[in-house]
Amino acid sequence: MENKLEELRKKKGITQEELASALEVSRQTIGSLENGRYNPSIILAFKISRYFGVPIEEIFIYQEDENEE
Amino acid sequence: MKNNKIWYLGYLISLVLLIVIFTLDLNRSTQTAVTILFSFVLAITHVNIIHNKMIAKDKEYNILSKDERNEMIRDKVNAMNSVVLISFIGIITVVFIVYEWYIPAIITGSMIIMDPIIMIFISRFYEKRF
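Read top to bottom, the protein sequences are chains L and G. Each step along the first sequence adds one to the number in this note's numbering, with nothing skipped, and position 24 is 24. Each step along the second sequence adds one to the number in this note's numbering, with nothing skipped, and position 74 is 74.
Just so you know, these hints were derived from the structure itself, not from any lab. Any given hint could be a false lead.
Keeping only pairs whose Cα atoms sit at most 16 angstroms apart, straight-line, the calculated EDC-like set for lysine to aspartate or glutamate is [claimed, not checked]:
#1 L:K47 x G:E68
#2 G:K59 x L:E17
#3 G:K66 x L:E57
#4 G:K59 x L:E24
#5 L:K47 x L:E57
#6 L:K47 x L:E24
#7 G:K57 x L:E24
#8 G:K59 x L:E18
Some chain L residues well away from chain G (every beta-carbon gap over 12 angstroms; in silico) [stated by the list, open to error]:
#9 E2
#10 R9
#11 L33
#12 R50
#13 P55
#14 I59
Keep in mind that this is a model prediction, so the values were computed, not measured. Where is the CB? At the ideal position from N, CA and C, for every residue including glycine.
Taking the hints into account, I'd like the entire structure generated from these sequences.
Right under this line is the structure:
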């Protein structure tokens, strides 16, 4: 799933470690989220949304065709 | 903390096993079995107590343990590990049969037969839970 996590993080001026610490996940999870290798759970998605103050749909882009494959 | 206190019972069991090893006049096989059991109980107890203490005190360790991606990786590793181990047991069973060691073959063969049955029971448990 594509996302704007890296963009939002850089806009906020924080490192992956700082974001990971704020969300209480590992830095590797943030890295995997940013490069699209891992999709977050609904709880983590809400935490991210709340942290950045941006709706989930504006952070994570769900594409029907991509996920049906 | 409640879970941690239960684990301290493992130290007590280990102590009892140690006393049994040194005080009772056991035959060699029984002594070996009790020694292995002692080592197993002590190791499991100690690791779990240390783990629980670190979860409570070390924030970074806590995050790494509970991280959802790490949990997903652990689940996948355990599933694949289970398949690999059962495959190895299958190969060992065949080797036992070739060498006509039928009792060990029956033991290891039973493990392979029990594997899907155990999986069904565990699956039913988690289906009710989630």
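Going through the hints against the structure:
| no. | hint | result |
| --- | --- | --- |
| 1 | L:K47 x G:E68 | holds, 13 angstroms |
| 2 | G:K59 x L:E17 | holds, 14 angstroms |
| 3 | G:K66 x L:E57 | violated, 26 angstroms |
| 4 | G:K59 x L:E24 | holds, 9 angstroms |
| 5 | L:K47 x L:E57 | holds, 13 angstroms |
| 6 | L:K47 x L:E24 | holds, 10 angstroms |
| 7 | G:K57 x L:E24 | holds, 15 angstroms |
| 8 | G:K59 x L:E18 | holds, 14 angstroms |
| 9 | E2 | holds, 18 angstroms |
| 10 | R9 | holds, 17 angstroms |
| 11 | L33 | violated, 8 angstroms |
| 12 | R50 | holds, 16 angstroms |
| 13 | P55 | holds, 21 angstroms |
| 14 | I59 | holds, 17 angstroms |
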